[in-house]
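> Below, each chain spelled out in residue letters.
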Amino acid sequence: MDILIIQLFNSLLYASILFLIAGGLSLIYGVMRIVNLAHGSLYAVGAYVAAWLVGKVAGGMPAVLLLVLLPVGALVVGVVGAVIEPTLLRPLYRRPEEYQLLVTFGLLLILEDVMRFIWGGMPLSAGVLMESLGSIRLFGSLYPTYNLIIIAVGGMAALLLWAFIYRTKFGVLLRATSQDMRMASALGVNVRRMYVQAFALGCTMAGLGGAIVVPGQTAVLGMGQDVLILAFVVVVIGGLGSLQGALIGALIVGCVRTVGIMLFPEIELALLYLIAAVVLLVRPTGLFGTQ
Amino acid sequence: MTPLVTASRTLKPLRLLLYVAPLVLLLLLVPYLMAPYQAYLLSYGLIMAIAALGFNLLMGYTGLLSFGHSAYFGVGAYTAALMVKYLHVTSMELFLVGGLLATLVVTALFGFICVRHTRIFFSILTLALSQVLWSLAYKFFWVTGGTDGLRVPTPSLLAGLVRATSLSYSGKIISYYYYVLACFLLSVALMWVIVHSPFGKALQAIRDNETRASFIGIRVQRYRWYAFMVSGLFTGLAGILWVPLNGLTTPDILWWPFSGKIVFFSILGGFRSFVGPLLGAVAFNYLETYAISATVYWQLVLGGVLVLLVLLMPTGLVGLLSRLAFVWKRAT
Numbered sequence: 001m002d003i004l005i006i007q008l009f010n011s012l013l014y015a016s017i018l019f020l021i022a023g024g025l026s027l028i029y030g031v032m033r034i035v036n037l038a039h040g041s042l043y044a045v046g047a048y049v050a051a052w053l054v055g056k057v058a059g060g061m062p063a064v065l066l067l068v069l070l071p072v073g074a075l076v077v078g079v080v081g082a083v084i085e086p087t088l089l090r091p092l093y094r095r096p097e098e099y100q101l102l103v104t105f106g107l108l109l110i111l112e113d114v115m116r117f118i119w120g121g122m123p124l125s126a127g128v129l130m131e132s133l134g135s136i137r138l139f140g141s142l143y144p145t146y147n148l149i150i151i152a153v154g155g156m157a158a159l160l161l162w163a164f165i166y167r168t169k170f171g172v173l174l175r176a177t178s179q180d181m182r183m184a185s186a187l188g189v190n191v192r193r194m195y196v197q198a199f200a201l202g203c204t205m206a207g208l209g210g211a212i213v214v215p216g217q218t219a220v221l222g223m224g225q226d227v228l229i230l231a232f233v234v235v236v237i238g239g240l241g242s243l244q245g246a247l248i249g250a251l252i253v254g255c256v257r258t259v260g261i262m263l264f265p266e267i268e269l270a271l272l273y274l275i276a277a278v279v280l281l282v283r284p285t286g287l288f289g290t291q
Numbered sequence: 001m002t003p004l005v006t007a008s009r010t011l012k013p014l015r016l017l018l019y020v021a022p023l024v025l026l027l028l029l030v031p032y033l034m035a036p037y038q039a040y041l042l043s044y045g046l047i048m049a050i051a052a053l054g055f056n057l058l059m060g061y062t063g064l065l066s067f068g069h070s071a072y073f074g075v076g077a078y079t080a081a082l083m084v085k086y087l088h089v090t091s092m093e094l095f096l097v098g099g100l101l102a103t104l105v106v107t108a109l110f111g112f113i114c115v116r117h118t119r120i121f122f123s124i125l126t127l128a129l130s131q132v133l134w135s136l137a138y139k140f141f142w143v144t145g146g147t148d149g150l151r152v153p154t155p156s157l158l159a160g161l162v163r164a165t166s167l168s169y170s171g172k173i174i175s176y177y178y179y180v181l182a183c184f185l186l187s188v189a190l191m192w193v194i195v196h197s198p199f200g201k202a203l204q205a206i207r208d209n210e211t212r213a214s215f216i217g218i219r220v221q222r223y224r225w226y227a228f229m230v231s232g233l234f235t236g237l238a239g240i241l242w243v244p245l246n247g248l249t250t251p252d253i254l255w256w257p258f259s260g261k262i263v264f265f266s267i268l269g270g271f272r273s274f275v276g277p278l279l280g281a282v283a284f285n286y287l288e289t290y291a292i293s294a295t296v297y298w299q300l301v302l303g304g305v306l307v308l309l310v311l312l313m314p315t316g317l318v319g320l321l322s323r324l325a326f327v328w329k330r331a332t
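Heads up: the sequence lines are chains A and B, in that order.
Per my numbering: the first sequence = residues 1 to 291.
Per my numbering: the second sequence = residues 1 to 332.
Keep in mind that the hints were calculated from the coordinates and are not lab data.
Note that CB positions come from ideal geometry on N, CA and C, so glycine has one too.
Any given hint might turn out to be false.
Which residues of chain A face chain B? A few of them, derived with a C-beta cut under 10 Å, are [what the hints assert, rightly or not]:
hint, residue
1, Leu-88
2, Pro-96
3, Leu-101
4, Gly-106
5, Leu-107
6, Ile-110
7, Val-114
8, Arg-116
9, Leu-263
10, Pro-265
11, Ile-267
12, Leu-271
13, Ala-276
Quick partial rundown of chain A residues pointing at chain B, CB under 8 Å, derived from the structure [stated by the list, open to error]:
hint, residue
14, Pro-91
15, Glu-98
16, Leu-102
17, Val-103
18, Leu-109
19, Asp-113
20, Ala-186
21, Asn-190
22, Ala-270
23, Leu-281
Using the sequences and the hints, build the whole thing.
Pasting the structure below:
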């Protein structure tokens, strides 16, 4: 029983992180129709910035202050996104989507080496934060406190994003742009600015995912390429461009992964990709996608 | 916009021979003109060119961007490696037979699934399926060696006529270079015939207008499936040829960034032409080798080149060359 509850929390933990990454990926696709292959690398940038701040710059500070530092990683990635969109992506909207895939693949290669250049090849750790928070007793077993914070952040991000998109004026404009860019533009929406904001928002989410994940593991080169494919699986299951889809997809992938690691560790990853393939085959737009 | 170089421009056979013969002669003379290392490097380039040749049947001629061609390259390579491990096969020809059969089975299955979709969904589906294979190679380490990979010693060529043990180091390299070159020339000739056959024309019709193609009686999905299989087989052949040259196969060649590289070849050369991907693959191989030896930040160089290509030179090297030729012709 205890083990089951702990595993449930683990699934939620995993789903929270995946939702942040896949949600950003899906948001960007939904608004701009771009599949961003560099999204995982942006997540890695968030992780590196957070690990650098927490582990190197502010090593001895109290845990609460360190927690406040984490979102800085997300903000940095948001700024990077706001620079990338107008310079690299804007010239390509009129071209076939293959080129957009390729430019983001080039960006992935570039970001990977920029990280190597800034932070070197050694893994960067922010484990201080995880240790200083300790663990708490949960239904009779010990569980790291920090993991509960991640789950809370994931849940809050989902809630805030929903409120943002369905309850604010910006959200209305965003959805309008996503549904019909030309019409929105004709009605006076500044589509260019919308695209920059949407892309930056998606990147911020990826960065936040990286920033909150890093106290639990280390920031290493290549972490973005691993996670990107999982984010794809989430997005494909949930439906490209749908945020509810990303949430449900993240929960499904989180659960399958946790169960998979417990019961059949060898084919756990293969199973996820197969699920994605089957969903694409039966419902190409995913469980929640519309097209 | 400059006009894209179209693949359907046909040359007269004699003119064609005039262009091709000096190139073939040059390729044949490489081991005599240059150090063995250059032949070794060019072997890699030619193998990648075969992979790109296969890829471009889908991308350039059928209009489907596969982001999972690492799968077929990897199936070819791993089949050869597993044949060494379990069956103790040391003949290149048996590698070819076994590897191509395995690739055919995998492409037939994956293709059957993937051709149900086009555009971005096709790309993601091919990517997801290729990663199934990657995770299997990665996790079943007692079969595939995991991240350590599998070793493949130099096999005997031409049914035992050329034995690896009886050759010097440079002799090994040069004999293998000629083997790769022969496979390369055969593949190019075969692909040339395929894209100029009625089948190839049908694929181009599908690429240009799917609805019209189906109205004139082309079975669109069926043809896409065939194209997928042929494309995968060429890439699988490249994988089989690659593995004894490299001496080792690791899950890296099944991982999705390797598929990205294959796409890169075609863009670098220009996927709208027949020779573009071939040129792109060889050029990429040199670029990568020299970038790696020049700097630790070689990915930055490659990524920068790719971004600039997409932004400024979407027709690739072939597009650039033909534009230069056009300017030169007008000037004289």
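> Does each hint hold? Answer for all of them.
Against the structure, the hints come out as follows:
Checking Leu-88 of chain A against chain B: minimum C-beta separation of about 6 Å stays under 10 Å; hint holds. The closest approach between the C-beta of Pro-96 of chain A and any C-beta of chain B is roughly 9 Å, which is under the 10 Å cut-off, so the hint is satisfied. Restraint check, Leu-101 of chain A versus chain B: the minimum CB separation of about 7 Å is within 10 Å; hint holds. Below 10 Å, beta-carbon pairs count as interface contacts, and Gly-106 of chain A has one with chain B at about 3 Å; its hint therefore holds.
Hint status for Leu-107 of chain A relative to chain B: holds, with the closest Cβ pair at about 7 Å, below 10 Å. Of the supplied interface hints, the one on Ile-110 of chain A holds, with its beta-carbon coming within about 4 Å of a beta-carbon of chain B, less than 10 Å. At about 7 Å, the closest approach between the beta carbon of Val-114 of chain A and any beta carbon in chain B falls short of 10 Å, and the interface hint on this residue holds. Taken as an interface hint, Arg-116 of chain A checks out: its beta carbon lies about 7 Å from the nearest beta carbon of chain B, inside 10 Å.
Hint status for Leu-263 of chain A: violated, given a least beta-carbon distance of 14 Å to chain B, over 10 Å. Using the Cβ-Cβ criterion of 10 Å, the hint placing Pro-265 of chain A at the interface with chain B is satisfied: the shortest such distance is roughly 7 Å. Because the smallest distance between the Cβ of Ile-267 of chain A and any Cβ of chain B comes to about 7 Å, under 10 Å, the interface hint for this residue holds. The interface hint given for Leu-271 of chain A holds, since its Cβ lies 9 Å from the closest Cβ of chain B, which is under the 10 Å cut-off.
Given hint, Ala-276 of chain A at the interface with chain B, holds; its Cβ is 5 Å from that chain's nearest Cβ, closer than 10 Å. With a least beta-carbon distance of about 6 Å to chain B, the hint placing Pro-91 of chain A at the interface is held under the 8 Å criterion. The restraint placing Glu-98 of chain A at the interface with chain B holds, with a minimum CB-CB distance near 5 Å, inside the 8 Å limit. The closest approach between the C-beta of Leu-102 of chain A and any C-beta of chain B is roughly 5 Å, which is under the 8 Å cut-off, so the hint is satisfied.
Proximity of Val-103 of chain A to chain B holds as hinted, the smallest CB-CB distance being about 5 Å (cut-off 8 Å). Annotation: interface hint on Leu-109 of chain A holds; nearest CB of chain B at approximately 3 Å, less than 8 Å. Residue-level restraint check for Asp-113 of chain A holds (minimum Cβ-Cβ distance to chain B is 4 Å; threshold 8 Å). Among the interface hints, the one on Ala-186 of chain A is violated; its C-beta lies about 26 Å from the nearest C-beta in chain B, farther than the 8 Å criterion.
A hinted interface residue such as Asn-190 of chain A counts as satisfied when its beta carbon comes closer than 8 Å to some beta carbon of chain B; here the least separation is about 24 Å, so the hint is violated. With a cut of 8 Å, the hint placing Ala-270 of chain A at the interface with chain B holds, because the nearest CB-to-CB distance is about 5 Å. Taken as an interface hint, Leu-281 of chain A checks out: its beta carbon lies about 6 Å from the nearest beta carbon of chain B, inside 8 Å.
Consistency with the previously given hints fails for numbers 9, 20 and 21, ordered from lowest to highest.
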